[in-house]
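Visitor: Generate the whole structure from the sequences, applying the supplied hints.
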Amino acid sequence: MDRRSFLRSSLVGCSLAAHPVFTPVVFASAPTDSRLVVLVLRGAMDGLDAIQPLGDPHFRALRPRFEAAPHDLDGFFSLHGALGGLLPLWRRRELAFVHAVSTPYRGRRSHFEGQDILETGAGGAKGDMPRDGWLNRVLGLIPDSNARFALAAGHENLLLLDGQQPKSVWTPAAAMAINPELSRLMRAAYEDDPLFHPVAEEAFLLSEESAREPIAMTGRGTMAEMDRISSMQPIVTRDTVSLARFVAKQMRNDIRIAAFSISGWDTHRYQAKNIGKALGSLSEAITTLHAGLGDVWNKTVIVAVTEFGRTVRENGTGGTDHGTGGAMIYAGGAVNGGRVYGEWPGLGSGQLYRDRDLLPTRDMRSVLAWTLRDHLSLKAGALERAVFPDLDMGNNLQIIA
Amino acid sequence: MTPTHDTLAHIRFGMGYGPRGPAVFPGDDLAAQARRPHPLEARYAPTDERIAYDLLERLRVMRQDTSPLGERETAQFLASIKDRIASDQISTIAIAAESDQGLRERLAFFWASHFAVSGKGLKLSFGAAALVHNAIRPHIGGRFADMLNAVVKHPAMLYYLDQYSAVGPNSVIGRMKSRRGLNENLAREVLELHALGVRGGFMQGDVQELAKLFTGMQFGEDGFEFALTKAEPGGKTVLGKTYGGLIPSENDIDGFIEDVALHPQTARHLARKLAIHFIGTHAPKDLTVHVAAAYSRSYGDLTATYRALLEHPTSWRGGLLKVKTPVHYIASTFRALGVKADIIVGLDAVERQRQVFQPLREMGQPLFRPQGPDGWPEDPEAWVTPPALAGRIEWARRISRHYGGARDPLLFAQNALGEDLLSPRLAALIGKAPSEDTGVALTLISPEFNRC
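Those sequence lines, one after another, are chains A and B.
Quick note: the first sequence, position 166, residue 166 per this note's numbering, numbers continuous.
Quick note: the second sequence, position 263, residue 263 per this note's numbering, numbers continuous.
Just to be clear, a hint being listed does not mean it is correct.
Unchecked claim - Covered stretches of chain A, going by a simulated chain B footprint (3 or more residues, C-beta under 8 Å):
#1 32 to 42
#2 255 to 265
#3 306 to 314
As the list claims (entries may be wrong) - Using 25 Å as the maximum straight-line C-alpha spacing, the simulated DMTMM-like pairs for lysine to aspartate or glutamate come out as follows:
#4 B:K120 <-> A:D192
#5 B:K241 <-> B:D286
#6 B:K432 <-> A:D192
Unchecked claim - Derived, one-sided and incomplete: chain A residues facing chain B with beta-carbon distance under 7 Å:
#7 D193
#8 P194
#9 L347
#10 G348
#11 S349
These aren't lab readings, by the way, just hints derived from the structure by calculation.
Owing to the predicted nature of the structure, the values given are computational and were not obtained by experimental measurement.
Idealized CB from N, CA, C, for every residue including glycine.
Guide: Below, the structure written as structure tokens:
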């Protein structure tokens, strides 16, 4: 058995004694053909800027110094210039948006709390927040899913996929730059340790498979990059494209569910420049996934979610502050695209949330639940009980084809 | 080969060997380290809480000036604050790398994880390091009740678990502003994480009553304050005992903390956590029972508790089944390479990121940023994932090039691991290494060096 099939049939971290190296193994075919990619946009993406409600009579007056989005979508909403790269998908009906949605989170508008609630799928009452991610609970509902089925891509821990169900964890940025001779010696150092050995093998193999995009190790480049990681500052990762390429490649193999995060959305100041960069990164991630998935695109759903939206009014520093209602972005061949879904509440006085935010008219989790039901064939009951606590699924928007 | 007593003392219960071999433990009493602060701790003390408070206040005021000059000055000031925080945080690694009191350093990390505060945001980034220095270190060898008291009242904890803004519904302020009220976060975590444990037999009612008891705790520019106007009046019954009366006081809270610290469930919870941390999840029940008994008998004296752990035969049986956390791994590597504290603290901003902060993120343990108040995982599998292991390997490769220098890699292995842990396989591999620094790297990446 060659090394590649050895690794494909192994579970990360399982003991050497259980290894199928010396016994013939028929690798179980993947439990489903459908692919799902969840993108966590960290920092609170401004849905009102990404997908502008130019058709709403109150909108422009709320943000007089912001530019109007150039790409009309449906006569009411228009697309931000930095997402222009996605217009071909819009025209092919493989891109959709859901507006005026949010998680159940209300209150402090804290990034950290908000992201925890976003990723754990919590119902709202702070004390009852689950400790694992909703996507990990989804894995528990899929028969025969194993570590080669789901991928948490990236360095930072992804709470969204944290939990009891096994998954793969990798990022091309983790790829080691070690020559083959030294690699051989190092791998040999792990051979006797049942915990380290299979993990080391996987690490070296994945290193070979993924290209490393070196982070500039000199001066300001490093600081900017490091700063980005430790804050929500809008300095966008260069890893996003290589991450997307890597995820696409894995999804053509065994991976069916993947997730990674994109930072840089916290646009308190100079929003025009900063959201432009972040949206550009998101656009590149989606187009890179599209290119890499090839014929598998038809069975793919990509959904981008964020912890909350931003204030309807611009602030005094050319940006916006933390809000409530926001937008979701859907892309993929399995999406009923070419539409902006959701019930628009309006932006007149009396129509806002706390007179400052876009009013959410739907629980984001219910939209996700319908996606999981339609795309992965999961049962509504299980989604309302096990995956999203205290969820009322409501009606189906039919986002999934 | 079964590790010797000396090796276990240094590796299972310490920060590993330095370049000159074993440290000397006076009178062979490992546990005595717990009461003895090392001079390095004072030398590299983090920013005082009140100074941090002032700096953040100044930042807040500066941010109100949105002129271009004002923004530039704010950006510079913010950068200087972040630099100070990074320096505070890296000091914990520096002290652990050089102090010859390995057990005390391990215990500092243990309690920091037990009382985890996640440094998200500037306030907490300052506070997390300060909490370890001011609320944990002074009590590592003392009474658990004193440590719990100091931690619960620390600004970082009060802020992290939202206690500082809580208001008793019937307090003076509570009756004026109907919007603010109780917050159960700290109360729940004290019962569930800090003292009794998740199966410690407390009820939701206890959490609610404790939340009432904790009202009034806040902090200001002079540190901890008890605000009478926010505190809930009347008796609060927690775990069957009533604290406080018509006029609430800080003493009521102190009374509860004393009682919960001495609760038998707390003894069991802490004993189990210590056993798992040093020995592993397979630690036998009789070890936990033995340690819990010592805790209770000594009224929660931690030195006596550690001594009970250290005198149990299980502690000296071979088989290092745990994996060093990334922080432990990095500190023990610096230690083995003889990199002193002042070098680590003296690293410039870029090198700090390259040599410590970024590798810790890649290994899965961003410094002072655990996922939640339950701290860092104990199970080895949590730390040994493909990207986390790749992080260790890449870092070991770079650090051995940087500090490995001209040294005999086999000698390095013998010093770092002790003769008993260095396997013939690893020694043979080191012999095949193409250069001295790659030979050093082989030791650093080995399972032998990564386990504890």
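Visitor: Holds or violated: K432 of chain B and D192 of chain A, Cα atoms, limit 25 Å.
Guide: holds (18 Å)
Visitor: Report holds or violated for the interface hint on D193 of chain A, using the least CB-CB distance to chain B and a cut-off of 7 Å.
Guide: For D193 of chain A, the interface hint holds, since the closest Cβ of chain B sits about 4 Å away, which is under 7 Å.
Visitor: Hint validation: S349 of chain A versus chain B, beta carbon distance must be below 7 Å. Holds or violated?
Guide: Nearest chain B Cβ about 22 Å off; hint violated.
Visitor: When I compare C-beta atoms, does the region 32 to 42 of chain A have three or more residues closer than 8 Å to chain B?
Guide: violated (count 0)
Visitor: Are K120 of chain B and D192 of chain A close enough, with their CA atoms no more than 25 Å apart?
Guide: Not satisfied, since the Cα-Cα distance of roughly 39 Å exceeds 25 Å.
Visitor: Taking the closest Cβ pair, is P194 of chain A under 7 Å from chain B?
Guide: violated (10 Å)
Visitor: Would the pair K241 of chain B and D286 of chain B pass a check requiring their Cα atoms to be no farther apart than 25 Å?
Guide: violated (31 Å)
Visitor: Taking beta carbons only, do three or more residues of the region 306 to 314 of chain A come closer than 8 Å to chain B?
Guide: violated (count 0)
Visitor: Tell me if G348 of chain A is really an interface residue toward chain B, meaning its C-beta lies closer than 7 Å to one of theirs.
Guide: violated (26 Å)
Visitor: Do at least three Cβ atoms from the region 255 to 265 of chain A come closer than 8 Å to Cβ atoms of chain B?
Guide: violated (count 0)
Visitor: Against chain B, is L347 of chain A within 7 Å by beta-carbon distance?
Guide: violated (26 Å)
Checked against the numbered hints given earlier, the structure breaks hints 1, 2, 3, 4, 5, 8, 9, 10, 11 and satisfies all the rest.
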